[in-house]
Amino acid sequence: FKDENSTSLSALIPDPFNCEDIQQYVYGYDLKMLDIEAFGVSKVQINSIKVQFDKKMEASFDVTFEHLKMTGNYRLISAGFFKTTSTGPFTINIYDLQVQGRVKLAGDKKGKLKAKDIYADADVTKMETDFENVKGLAGFFTDLLNAGEKTVRIFEFY
1 FKDENSTSLS ALIPDPFNCE DIQQYVYGYD LKMLDIEAFG VSKVQINSIK
51 VQFDKKMEAS FDVTFEHLKM TGNYRLISAG FFKTTSTGPF TINIYDLQVQ
101 GRVKLAGDKK GKLKAKDIYA DADVTKMETD FENVKGLAGF FTDLLNAGEK
151 TVRIFEFY
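Just so we're aligned: the sequence shown equals residues 1 to 158 in the numbering used here.
The set of hints was computed from the structure by calculation and includes no laboratory data.
Ideal Cβ placement from N, Cα and C applies to all residues, glycine included.
Some hints here could point you the wrong way.
[Unchecked claim] Pairwise CB distance ranges (calculated):
{"no.": "1", "residue 1": "K32", "residue 2": "K104", "range": "25 to 31 Å"}
{"no.": "2", "residue 1": "T71", "residue 2": "Q45", "range": "20 to 26 Å"}
{"no.": "3", "residue 1": "S48", "residue 2": "V26", "range": "20 to 26 Å"}
{"no.": "4", "residue 1": "F81", "residue 2": "D130", "range": "22 to 28 Å"}
{"no.": "5", "residue 1": "K109", "residue 2": "K83", "range": "48 to 54 Å"}
{"no.": "6", "residue 1": "K126", "residue 2": "Q23", "range": "44 to 50 Å"}
{"no.": "7", "residue 1": "K110", "residue 2": "V51", "range": "26 to 32 Å"}
{"no.": "8", "residue 1": "K55", "residue 2": "N18", "range": "33 to 39 Å"}
{"no.": "9", "residue 1": "F81", "residue 2": "E128", "range": "36 to 42 Å"}
{"no.": "10", "residue 1": "D130", "residue 2": "A79", "range": "49 to 55 Å"}
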């Protein structure tokens with residue numbers, strides 16, 4: 001399973017990958033992202049996978065994405081004194097995304113191994129966002145996202 005020339009799982013992962021809608025409160029704004037497509041998911045590089053079948057029954061992983069591009073539509077509502085609503089298409093480019101995480105493993109009634117309680121944390125080298133039609137003070141929202149933090153939680157699974 002370790003082939004130095006293998007850099008993708010393109011046969012197993014659709015590209016683009018259709019994502020579920022996201023709704024989060026970010027930097028004082030209510031953000032809803034819809035119709036999300038992620039490009040570059042199939043080019044994931046697996047750095048390590050460790051599986052423990054002892055009492056813990058869990059796996060840990062470390063993967064890298066050289067470039068992910070996400071597109072879709074958004075609705076952004078400010079929560080402050082100057083209420084504004086912005087809607088339109090968005091594009092997010094993420095470069096050198098390193099994701100580490102762990103997942104609990106359990107058998108189902110048919111004897112198949114299933115993943116649950118997935119936790120993932122990510123480090124991003126560079127992120128560029130473009131939310132078209134942003135109105136008023138919400139323009140600072142994209143500046144904040146582009147500035148970003150060293151560690152960005154991208155996905156949280158329940």
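Each hint tested on the structure:
Taking 25 to 31 Å as the suggested C-beta distance range, the pair K32 and K104 conforms, at roughly 29 Å. T71 and Q45 have their C-beta atoms about 22 Å apart, which keeps the hinted 20 to 26 Å range intact. Taken as a hint, the range 20 to 26 Å is violated for the pair S48 and V26, whose Cβ atoms sit roughly 31 Å apart. Remark: the range hint 22 to 28 Å for F81 to D130 is upheld by a beta-carbon distance near 26 Å.
Checked against the hint of 48 to 54 Å, the pair K109 and K83 passes, with Cβ atoms roughly 50 Å apart. Between K126 and Q23 the Cβ separation comes to about 25 Å, which falls outside the hinted range of 44 to 50 Å. Roughly 20 Å separates the CB atoms of K110 and V51, a value that falls outside the hinted 26 to 32 Å. The hint said 33 to 39 Å for the Cβ distance between K55 and N18, and at roughly 36 Å that hint holds.
Under the hint 36 to 42 Å, the C-beta atoms of F81 and E128, about 29 Å apart, miss the expected range. The hinted range of 49 to 55 Å is not satisfied by D130 and A79, whose Cβ atoms lie roughly 22 Å apart.
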